Amino acid sequence: MAYEYISYRKVEFSETDMAGLVHFSNYFRYMEIAERDFFESIDVKLIQSIPYDLMGYPRSRAECKFSAPLRFGDTVKIHLAIKTIKDRAIDYQFRLYKVESDTLGNDAEIASIPVAKGHLTTIYAELTDDGSLESKPLPKNVLEKIEEAPKSVLRPEYIE
Numbered sequence: 243m244a245y246e247y248i249s250y251r252k253v254e255f256s257e258t259d260m261a262g263l264v265h266f267s268n269y270f271r272y273m274e275i276a277e278r279d280f281f282e283s284i285d286v287k288l289i290q291s292i293p294y295d296l297m298g299y300p301r302s303r304a305e306c307k308f309s310a311p312l313r314f315g316d317t318v319k320i321h322l323a324i325k326t327i328k329d330r331a332i333d334y335q336f337r338l339y340k341v342e343s344d345t346l347g348n349d350a351e352i353a354s355i356p357v358a359k360g361h362l363t364t365i366y367a368e369l370t371d372d373g374s375l376e377s378k379p380l381p382k383n384v385l386e387k388i389e390e391a392p393k394s395v396l397r398p399e400y401i402e
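So the sequence shown is residues 243 to 402, counted in this note's numbering.
Worth double-checking, as some hints may not be accurate.
[Unchecked claim] List of simulated lysine-lysine pairs, PhoX-like, C-alpha gap at most 25 Å:
1) K319 to K307
2) K382 to K287
3) K328 to K252
4) K382 to K319
5) K393 to K319
6) K328 to K387
7) K328 to K382
Hint data in this document are derived by calculation from the structure and do not stem from the laboratory. The structure presented is a predicted model; accordingly, all values stated were derived computationally and were not measured.
Input sequences plus hints: build the corresponding full structure.
Pasting the structure below:
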């Protein structure tokens with residue numbers, strides 16, 4: 243069963259301000275990218291949109307604390323870990339790092355500099371006939387593929 247995932251991506255020019263620094267809102271986007279990649283890795287649809295059958299995971303909580311900037315061209319490593327699984331919700335812990343590569347032009351990671359830590363709580367929900375969202379218990383196919391991360395994976399400084 244899965245409890246963590248790591249995604250990598252390059253910082254795009256469009257994600258930065260005039261000083262070349264990543265705009266704060268993109269850190270939330272990076273966390274969602276890791277969530278999407280995690281769901282793909284366990285072969286589960288994050289959103290299902292069939293007419294009259296819409297389900298997904300809206301956010302009930304999202305936060306991010308920053309410790310260092312990311313800049314245009316940097317590689318960001320996004321570490322997702324499942325902090326807790328509840329009846330209808332999943333709490334994720336995120337750690338974001340700037341990846342330092344070797345100077346020989348290889349993409350080998352030689353260091354990871356912490357740049358941010360985050361937390362998302364998602365609620366499993368389905369669209370009702372009247373157009374409202376209704377929370378439901380997490381689907382069995384999801385619960386069969388995920389588990390809470392062991393304490394050794396959850397870094398204490400990121401647990402609030």
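Exercise. Hints broken by the structure, by number, lowest first?
Worked result: Hints 3 and 4 not satisfied by this model.
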